[in-house]
Amino acid sequence: TYMSPDFAAPTLAGLDDATKVARVGKDVATNTAGVSPAAANVSAAINAVPVPASTEKPEFGKANTAGVQPYPTSGYPILGFTNLIFSQCYADATQTSQVRDFFAKHYGASNNNDAAITANAFVPLPTAWKATVRASFLTASNALSIGNTNVCNGIGRPL
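Residue numbering for the sequence shown is 1 to 159, as defined by full-length UniProt numbering.
Since the hints were made in silico from the structure, they are not lab data. Using N, Cα and C, we set each Cβ at its ideal position, and we do this for glycine too. Among the hints, a few may not be true.
[What the hints assert, rightly or not] Each pair of labels, with its calculated beta carbon distance range: (1) Ala128 x Thr94: 27 to 33 angstroms; (2) Thr73 x Leu144: 29 to 35 angstroms; (3) Asn113 x Gly80: 17 to 23 angstroms; (4) Asn150 x Thr30: 52 to 58 angstroms; (5) Ala29 x Thr94: 55 to 61 angstroms; (6) Asn111 x Ser141: 19 to 25 angstroms; (7) Thr118 x Ala33: 20 to 26 angstroms; (8) Ala33 x Asn153: 54 to 60 angstroms; (9) Thr82 x Gly154: 29 to 35 angstroms; (10) Thr30 x Ala140: 48 to 54 angstroms; (11) Val24 x Ala104: 31 to 37 angstroms; (12) Ala40 x Asp101: 28 to 34 angstroms; (13) Ala29 x Thr118: 32 to 38 angstroms; (14) Leu84 x Thr32: 34 to 40 angstroms.
Could you build the full structure based on these sequences and the hints that come with them?
Rendered as structure tokens:
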């Protein structure tokens with residue numbers, strides 16, 4: 001099930017409106033107010049999630065994935081990451097280039113899709129996460145690199 005943030009508020013500013021969305025995480029003992037799902041609060045929580053320990057060999061369920069994170073010390077405590085399913089090897093070099101170009105644009109350091117992501121009431125990945133994605137899937141020497149000739153070696157998704 002997917003529910004976009006526009007269900008709660010038509011603009012990002014509306015996500016701070018306590019009449020529309022619940023603030024989460026009020027500390028009753030210290031009477032500290034809860035946190036709204038505004039973009040800055042979501043970014044703060046995402047920034048608290050460490051990037052995988054290695055970009056070479058992700059072992060799912062291990063330290064090399066985001067995994068389950070403890071309650072964040074700052075930011076909105078309810079967040080999630082999306083998954084991007086793609087192939088590493090393509091029989092057609094044009095397809096390899098297209099997928100690599102998408103990754104370079106979507107996870108780029110400066111020329112990226114952040115404005116479109118923000119315009120749709122989502123929060124772009126932090127700089128450290130984007131750098132890890134680029135290091136894993138765009139660095140030619142990484143075994144996980146899209147189109148890595150040492151790994152793909154004539155194999156790939158059929159045309």
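Unsatisfied constraints (hint numbers, rising): none
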